[in-house]
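Listed in order, the protein sequences are those of chains A and B.
Position 205 (the first sequence) corresponds to 204 in numbering that gives the first Met the number 0; numbering is contiguous.
Position 105 (the second sequence) corresponds to 104 in numbering that gives the first Met the number 0; numbering is contiguous.
The set of hints was computed from the structure by calculation and includes no laboratory data.
Using C-beta positions, here's what the derived DEER-type ranges look like:
| id | chain 1 | residue 1 | chain 2 | residue 2 | range |
| --- | --- | --- | --- | --- | --- |
| 1 | B | Thr8 | A | Ala149 | 51 to 57 Å |
| 2 | A | Val167 | B | Phe172 | 26 to 32 Å |
| 3 | B | Thr7 | A | Val37 | 42 to 48 Å |
| 4 | B | Ala105 | A | Val37 | 20 to 26 Å |
| 5 | B | Ser75 | A | Pro207 | 54 to 60 Å |
Lysine-lysine pairs mimicking DSS-like chemistry, simulated, CA-CA at most 25 Å apart:
| id | chain 1 | residue 1 | chain 2 | residue 2 |
| --- | --- | --- | --- | --- |
| 6 | A | Lys189 | B | Lys101 |
| 7 | B | Lys101 | A | Lys147 |
| 8 | A | Lys126 | A | Lys172 |
| 9 | A | Lys47 | B | Lys101 |
| 10 | A | Lys189 | A | Lys147 |
| 11 | B | Lys101 | A | Lys57 |
| 12 | A | Lys147 | B | Lys161 |
| 13 | A | Lys172 | A | Lys57 |
| 14 | A | Lys147 | A | Lys57 |
| 15 | A | Lys126 | A | Lys189 |
| 16 | A | Lys82 | B | Lys101 |
Small disclaimer: the values here were computed from a predicted structure and weren't measured.
In this text, a Cβ means the ideal position worked out from N, Cα and C, and glycines have one as well.
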Amino acid sequence: MSNDLLQQTSAEPGSTRLVVSLAISGFLSGLIIIGIYVATLPTITENKARELREAVFKVLPGVTRMQKLQFDGERIVIKQDSKDDENTVYAGYDAEARFVGYAIASEGPGFQDTIRLLYGYQPAERKVVGMEILESRETPGLGDKIYKDAAFVANFDDLAVDPLIVSVKKGPKSKPNEIDAITGATISSKAVVRIINEGNQRWLERLPLNPPPLAEEGNG
Amino acid sequence: MATPSNKTTAYDEMLKGLWRDNPVFVQVLGMCPMLAVTNSAVNAIAMGLATFFVLVGSSFLVSSMKNLIPKQVRISVYVIIIATFVTVADYTLLALFPAVHKELGAFIPLIVANCMILGRQEAFASKHTVKYAVMDAIGMAGGFMVALFALGAVREILGEGKLFGLSLFGEHFEPWVIMILPPGGFITLGLLLLLFNWVGERKKAFLAQVAAAERSGA
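All chains, full assembly: derive it from the sequences and hints.
Okay, structure coming up:
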């Protein structure tokens with residue numbers, strides 16, 4: 000073994016060979032990575048779009064179709080490109096293409112990492128009608144109840160947004176704008192409420208009672 | 000590390016990873032994913048399968064190209080090979096099992112840094128034929144998966160009262176939340192290591208006894 004090693008090191012290959020072998024392996028690796036990226040990209044994009052659509056349908060009861068809208072600085076218009084940004088909002092329509100409500104995405108710091116969520120809002124009644132956590136890394140077993148605990152999620156099925164949503168720690172909620180915080184996960188509960196309030200502050204003024212009607216191919 | 004003499008078969012090479020040289024319980028390698036993703040049995044198995052794919056694939060490639068790779072840059076080439084397999088596993092999981100990918104998050108790309116995988120390339124695959132290298136990789140990855148599953152199952156059962164998401168104890172079980180938090184990982188791993196060493200000691204003592212009995216009998 001040690002003899003072998005000595006021989007190998009004494010017969011030192013030129014640096015060209017080292018560079019070439021590294022370059023070749025890097026090149027092949029790059030080709031494979033590009034291949035797998037191109038092969039999986041359509042499925043990944045489709046998954047993301049489906050996930051979002053399902054979330055919109057979940058937070059807005061009765062919705063079967065949606066389209067992306069955008070705030071262009073003055074008013075809400077139908078979004079043309081497919082890239083989502085912070086000025087994107089989703090409008091949900093029922094089977095007869097009647098407007099039901101908006102789905103608003105909002106995010107903010109949770110207990111451990113950013114929480115990203117989507118909530119349904121009905122402008123006519125000024126009510127939150129559903130909430131779905133899209134992304135979070137809250138403590139398993141405690142903070143993750145913000146989406147695993149059905150009772151907590153149900154808080155957001157019928158919730159007034161005025162003057163502000165408040166989380167109540169002790170005793171059951173008594174007002175239409177209150178939710179019951181999760182025992183043992185007060186910070187995560189408060190974070191969800193704060194994120195929704197921030198979303199409201201940002202969006203409620205901008206959202207008209209009636210958005211642009213459903214465009215024919217606007218299934219986005 | 001036993002080098003395969005004429006007596007060790009490829010089958011032995013596979014078996015050693017499962018028990019005698021188990022990467023987690025005996026070599027104590029790959030602790031980062033071991034502690035991080037074992038808060039449920041499903042996560043543990045998903046991480047085990049991803050690691051299995053990467054380890055077996057890289058061992059196969061490294062062993063079959065061992066004469067082409069110059070010694071001076073071998074580690075870099077191994078890392079390139081491993082990283083490629085990890086990227087393939089990452090995108091495949093993201094496309095086919097987005098829910099699992101979401102749970103495992105950053106720990107899939109981190110398989111690149113799993114010392115067990117690079118360790119097997121350097122210590123075994125680069126010195127043996129393809130057949131032995133692949134069998135060794137299957138054994139080691141299998142042993143790693145068994146260990147992940149053991150940890151994940153214990154933590155899920157105690158921490159959530161469930162296994163594979165199915166409730167085991169009914170309504171009245173109060174889950175030990177600490178078991179699915181990081182301290183639970185350390186506690187469970189410590190106890191399993193204790194068990195493994197204890198069994199090993201017992202076996203050694205037993206063999207010594209047998210040997211002594213044989214000597215006195217002769």
